[in-house]
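**Q** Residues per chain are reported as follows:
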Amino acid sequence: MPVSHAEEGYVTADGRQIGGTLMEMKNITLRFGGVVAIKDISFDIRDGEIRAIIGPNGAGKSSMLNVISGFYVPTEGDVYFKKVKRGPMKPYEVARLGIARTFQNIALFDGMSVLDNIMTGRLTMIKSGLLSQALWYGSAAREEYAHREKVERIIDFLEIQNIRKTPVGRLPYGLKKRVELARALAAEPKLLLLDEPMAGMNVEEKEDMSRFILDLNDEFGTTICLIEHDMGVVMDLSDRVVVMDYGRKIGDGTPDEVRNNQDVIDAYLGVAHD
Amino acid sequence: MLYREAGDFKTTYSDDSQTFPIRFDRMGYYVTLLIAFGVIPLVINDYWANAVFVPFLIYAIAALGLNILVGYAGQLSLGTGGFMAVGAYSVYKLMTAFPGMPVLIDVLLAGAITALVGVLFGLPSLRIKGFYLAVATLAAQFFLVWLFNKVPWFYNYSASGMITVPQGKMLGVYVTGAQTTASAKYLFCLIILVLLAVVARNLTRGTVGRKWMAIRDMDIAAEIIGVNPLTAKLSAFAVSSFFIGVAGALFFAVYLGAAEVTEAFSIQKSFLILFMVIIGGLGSIFGSFAGAAFLVLLPVLLKNVLVGQFGWPTDLAAHLELMIVGALIVGFLIAEPHGMAQLWRLAKEKLRLWPFPH
Amino acid sequence: MPEQLLYAMEVTVNGLMAGVMYSLVALGFVLIFKASGVFNYAQGVLALFAALTLVGLKNGQVPFAHVINAILGTDLHTFGWKLPALLAILLTAGVMVLLAVIIERLVLKHLVSQAPIILFMATIGLAYFLEGLGDVMWGADIKKLDVGLPQGISDSIERVTDRWFGYGFFIDNLDLVATLVAVALVASLTIFSQYSKQGRALRAVADDHQAALSVGISLRFIWVLVWSIAGFVALVAGIMWGTKSGVQFSLSLIALKALPVLMLGGFTSIPGAIVGGLIIGVGEKLFEFSVGPLVGGATENWFAYVLALIFLVFRPQGLFGEKIIERV
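Chains as they are written, first to last, in the working numbering: chain A, 260 to 533; chain B, 7 to 364; chain C, 24 to 351.
Simulated from the structure, these hints should not be mistaken for laboratory data. Quick caveat, the model's predicted, so the values are computed rather than measured. Among the clues, some could well be false.
Okay, the calculated beta carbon distance ranges per label pair [claimed, not checked]:
| id | chain 1 | residue 1 | chain 2 | residue 2 | range |
| --- | --- | --- | --- | --- | --- |
| 1 | C | GLN233 | B | THR170 | 39 to 47 Å |
| 2 | A | ALA405 | B | TRP159 | 49 to 57 Å |
| 3 | A | TYR432 | B | THR320 | 52 to 60 Å |
| 4 | A | ARG429 | B | TRP159 | 28 to 36 Å |
C-beta: ideal position from N, C-alpha, C; glycine also.
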């Protein structure tokens, strides 16, 4: 199953049709003062695929994700989303393009309930104004209940019905990760970015999370880009993998190709299991 | 009838998101409204109106406003006194310029003017956060008070520098000026408070409220999921200042009747209302009422007991009040940062499960 | 030189002196903020409390005389002795240390790891409590404080400047003393924090709480220490301001003046507190001198804040503060 760079995409081993390029990173370089976090990296993310970025600690994975999500503006290089060059944007404008994400150190709103947290994922779609909401009359209430229905489906999908009204601050780690995923899903993103979705989880929680990721890619066709430390999980989940080390790209391809790449073995696999 | 939600199944989302999901609470709410509108106006006299009820209603409006900004949107402001002054001087200028207008319109317009001023002073919140912002709002406090004190146009060039409210009517009844009855003052403030409380509740349970709380809990994450911090913060400043402006307008026009800005709207007022919000409960509508009631009643109580019963000097009672309020603030922040509202919630939680707590 | 310019120079010099006073209070803020991350609104009230205690001890006042009289119907006022100024100052310093210990035990210990804004509001509560306590202990009447510091216009400066410029500068002796004291205080604090063991521990805590704990520094000891120092700085500020304008409630309002100084200088920088204090002191005096008459005067009430506000919008970390980098 060679990776095709043709515009029409490719077909995966399990028979899913992957579309054309959704996002393209061209010669991205990111510097903080004198420190080079990312050096001249190019890769693409295709419609409907699960794309992983892996690498040892300090390889620049998180910085890369922050560039994709628009939180960092690259020092050099261009980002194309749906073939359109993306200039410097505010983070909330990126969200409106249809890019949602989760965070490595969970970034939920601790003072709000699970339901409210997930409802924030739909903020970009609300149309009713301040006055209408102040009176809770007409479109405001209608809209609220319509979005609530969508959110309830996500709650069902992720199996968190029983904690709907619980304040997020009281939840255990694994559930928080799930709520965060729910919030990102609520935005019905074109591209979903997951920052170490399995970090700090036990085996059972990891299995649950892998299942959710595969299901949502399968059922909703969501394109997913994830960075992850756990090699095993990544290789099972993803269609294509970018490998980074010291801010450079040292490998890019299917899990099998990457596994057999000598640079990758030297830089990462050799040290990962010592 | 037990305090229960079991058996009271919600079948629609609108049922599920109503203000009082438990039937017993709903009943309590209607009974409270009935007493507030049906009983108190009939029996109220000048002492109770001036010492307790009117200040409580007005402070509750201000506390609601500040709670929206501090408790929901997480932007600490110490400029409340200054914003109340904007409301007071706006209503004064409006009432003297357009004598025939219904007072309610003047009051709402005063709120709108304050909202504009609030947005103006809220602009720095886009760059600075936390107590930097708190200190920056002090700039509003001191500048506004100075402005109203030094520019004679605001007090219509009166010799004393004070503003005195003209007589004003609402539906043919005096609500400001010397001829106003206790029950008219009370009802006028009550109606405005109830309306604004409903607005506050609606805003905080929907999209706008979620934006505010998202900014409060983690501003960077909020921005990444699509909240525009500019509109979220400025709308909080606008709504909050509207409430506080209305409170300031009523405080001057209905409660005081005549006011001098450096006395009526000093920084002490900013702190008083902040304390109401902290003691009552940050991020709680009910808490704003509880905090206002508590800090209106405490001095009345201390005065009646210490001065009236034991014959202590008045200033000693006032100093003790400072100590009690200060200790309570520290105590609440340590033990229960969500204030009386949270204590109430916990009590209800117990009650809901009683007598089988497990 | 033209009269106007000379007058402006005199205003500037007076502004510098006032600025030194602001710096003195701001210093207390910076110390506490650096070591514990607490933005201590009560710093001004600490100064008031220190000054009240000093006067009370010096004049042999009976503490809580008001309350005792009200409850027991007695008529207590003083013990009938007077303490020498130096002894009273030492005793007051002791009281301030005791207060630091009590504050650590009753308040700070329970607020560790709370959001900064909660801590800030707690210190507002603390300020109210201490203000009430000071009044209940010592009475709220305006008191004169005289510990033997020189006061009044300095004759020698007036004479010298008159000879040089043909215009005698009016400068208060007390302001000169305050300047010297402030310089001495800053110098000794710097030496303390650079070279003493406790000073190093203090800087370690300021840098990183967790790391400091892991090398065996007691956070609680550091907090007591730093609040004691802040109490001592408050005492010095209280003596200066109390001597100048009497010991009364308005003394606690100097805290409000110190806040814009901090915003300007940055909350974590001692040099920032000093430079910020001088800028505000000179700025507000010159502004009042030049613009004040056109707008009705009393611009000192807000000038510092508006200046700090405008400044902050363009440089949120202050003059000397560390730049804040946001991460997710």
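**Q** With reference to the structure, classify each hint as holding or not holding.
**A** How the hints compare with the structure:
Distance hint check: the CB atoms of GLN233 of chain C and THR170 of chain B are about 60 Å apart, inconsistent with the given range 39 to 47 Å. Between ALA405 of chain A and TRP159 of chain B the beta carbons are some 51 Å apart, a value that agrees with the proposed interval 49 to 57 Å. A C-beta distance of roughly 56 Å is found between TYR432 of chain A and THR320 of chain B, which places it inside the suggested range of 52 to 60 Å. With their beta carbons about 55 Å apart, ARG429 of chain A and TRP159 of chain B fall outside the hinted range of 28 to 36 Å.
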